[in-house]
Amino acid sequence: MKIRKYEGANEKDAMLKVKEELGKEALIVSVKNIKPRGFYKLFKKPYVEVTAALDDHSVLDDGDREPSFLRKRQAQKTFQPSIQQERMQEEEYEAKVYLEKFKSLMDKLPDESRRDKTQTQESVSNHEVVNASVIKVVYEQLIDHEVREEVVNQLTAGIQQLNNDNHEEVTDVIAVVYKRIIKLLSDHATINKDKKSTVFFVGPTGVGKTTTIAKIASFFTLNMGKDVALITSDTYRIAAVEQLRTYANILNIPIKVVYSKEELTEAVSDFKDKDLILIDTAGRSHKNLEHQNELKGLLSAVDEKEVYLVLSVATGYKDLMNITSVYDTMTDYKIIFTKLDETTCYGNVLNVKLATGAKLSYVTFGQNVPDDISDINPHEIARQVLGGNE
29 MKIRKYEGAN
39 EKDAMLKVKE
49 ELGKEALIVS
59 VKNIKPRGFY
69 KLFKKPYVEV
79 TAALDDHSVL
89 DDGDREPSFL
99 RKRQAQKTFQ
109 PSIQQERMQE
119 EEYEAKVYLE
129 KFKSLMDKLP
139 DESRRDKTQT
149 QESVSNHEVV
159 NASVIKVVYE
169 QLIDHEVREE
179 VVNQLTAGIQ
189 QLNNDNHEEV
199 TDVIAVVYKR
209 IIKLLSDHAT
219 INKDKKSTVF
229 FVGPTGVGKT
239 TTIAKIASFF
249 TLNMGKDVAL
259 ITSDTYRIAA
269 VEQLRTYANI
279 LNIPIKVVYS
289 KEELTEAVSD
299 FKDKDLILID
309 TAGRSHKNLE
319 HQNELKGLLS
329 AVDEKEVYLV
339 LSVATGYKDL
349 MNITSVYDTM
359 TDYKIIFTKL
369 DETTCYGNVL
379 NVKLATGAKL
389 SYVTFGQNVP
399 DDISDINPHE
409 IARQVLGGNE
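Taking this note's numbering, the leading residue of the sequence shown gets 29, the next gets one more, and so forth.
The hints are simulated quantities; they were obtained by calculation from the structure and are not laboratory data. Careful: at least some of the hints might be erroneous.
[As the list claims (entries may be wrong)] Pairs of lysine-lysine, DSSO-like flavour, derived with a Cα cap of 27 Å:
#, residue 1, residue 2
1, 302, 346
2, 221, 362
3, 289, 333
4, 333, 223
5, 333, 302
6, 315, 302
7, 63, 40
8, 302, 324
9, 300, 324
10, 224, 63
11, 47, 33
12, 221, 284
13, 362, 300
14, 315, 254
15, 346, 300
16, 362, 284
17, 284, 223
18, 387, 362
19, 284, 346
20, 223, 254
[Claimed, not checked] The following label-pair restraints were derived from C-beta to C-beta distances:
#, residue 1, residue 2, range
21, 33, 342, 37 to 47 Å
22, 273, 321, 50 to 60 Å
23, 74, 344, 44 to 54 Å
24, 222, 331, 16 to 26 Å
Quick caveat: nothing in here was measured; it's all calculated off a predicted structure. Just so it is clear, CB atoms sit at the ideal spot from N, CA and C, and this is done for glycine as well.
Could you build the full structure based on these sequences and the hints that come with them?
Okay, structure coming up:
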């Protein structure tokens, strides 16, 4: 990993120098306004100093191919710890903003691990050993946010020795791990706004499927001007049907209640002219074989479909693995994480992504409809698990 400092009369001037030498894939670690002090202020004007990094190798395997759902659990979802990634949209701006917010993490370092960035130290070699206490603090921070140890090991692998000209500092270590998290979460997808779609929402009880559907229906109806229809097969809970019917009335969109695979097929056919059909399903126990078979039957009623598995980020890791292993045998799916407002630990977002290989999509963080939902933001998740909000 190459780390360089660039000076310019202003930020734009310094950024141009970064792009000229390192290209658009450079990661902006910090931006500082420097005012020369003492004797030097007589000869040098204030300037901007930009610290930038450039990766040498890819963190994750770059293949876009996804294993089929039958092979997914057998395929190993790991990523390589070498450092280079494909270009991220607005990565430079986001990284610059977020990396400056890790003061709490730096404050955990023992005094001997901190130093003035203006000081220089002799390099031991081009593969200088990073201070072990810095790695330890980042490692413990990830563990505290319930990132699984095997995931932490992959995120921190190889950063004890980096190919730099200068001694590594805590921000440089954070930059490497931060960038690896972004790479891990970069393969995300949401409902396509430009084509007709039939979308199933599945998952265990109590994770907020019905409320999530109401939020998505509101967004596509009110914000995107799309023609949306709702179908619910959640006839186990009268309250769920009435809740969805209430939202349908408010949005002035049609809704059908179905009790069988045949009725679902008919309802989808009736709504064939709609831009978007959202299908609510009953919360299913992943341990109940009868419920699993019922859901398989409903899914088989629609050929062209998307499936979103709704999970609470606050659910324990072992339960999440048991749940996803059941749905792996049914269908391909994308993941929606709910209840981000009910926990401060987002480690399961990384854990589940790496374990399943499924694409992440939306996150929800409250009960308010149509608010409290957004596309997943990899930068925000990285900032959270690295302590940027503390």
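Do the hints match the structure? See the list:
no., hint, in the structure
1, 302 / 346, "violated (39 Å)"
2, 221 / 362, "holds (16 Å)"
3, 289 / 333, "holds (15 Å)"
4, 333 / 223, "holds (12 Å)"
5, 333 / 302, "holds (14 Å)"
6, 315 / 302, "violated (35 Å)"
7, 63 / 40, "holds (17 Å)"
8, 302 / 324, "holds (24 Å)"
9, 300 / 324, "holds (22 Å)"
10, 224 / 63, "violated (57 Å)"
11, 47 / 33, "holds (12 Å)"
12, 221 / 284, "holds (23 Å)"
13, 362 / 300, "holds (23 Å)"
14, 315 / 254, "violated (37 Å)"
15, 346 / 300, "violated (40 Å)"
16, 362 / 284, "holds (24 Å)"
17, 284 / 223, "holds (22 Å)"
18, 387 / 362, "holds (5 Å)"
19, 284 / 346, "violated (36 Å)"
20, 223 / 254, "holds (10 Å)"
21, 33 / 342: 37 to 47 Å, "holds (42 Å)"
22, 273 / 321: 50 to 60 Å, "violated (27 Å)"
23, 74 / 344: 44 to 54 Å, "holds (53 Å)"
24, 222 / 331: 16 to 26 Å, "holds (20 Å)"
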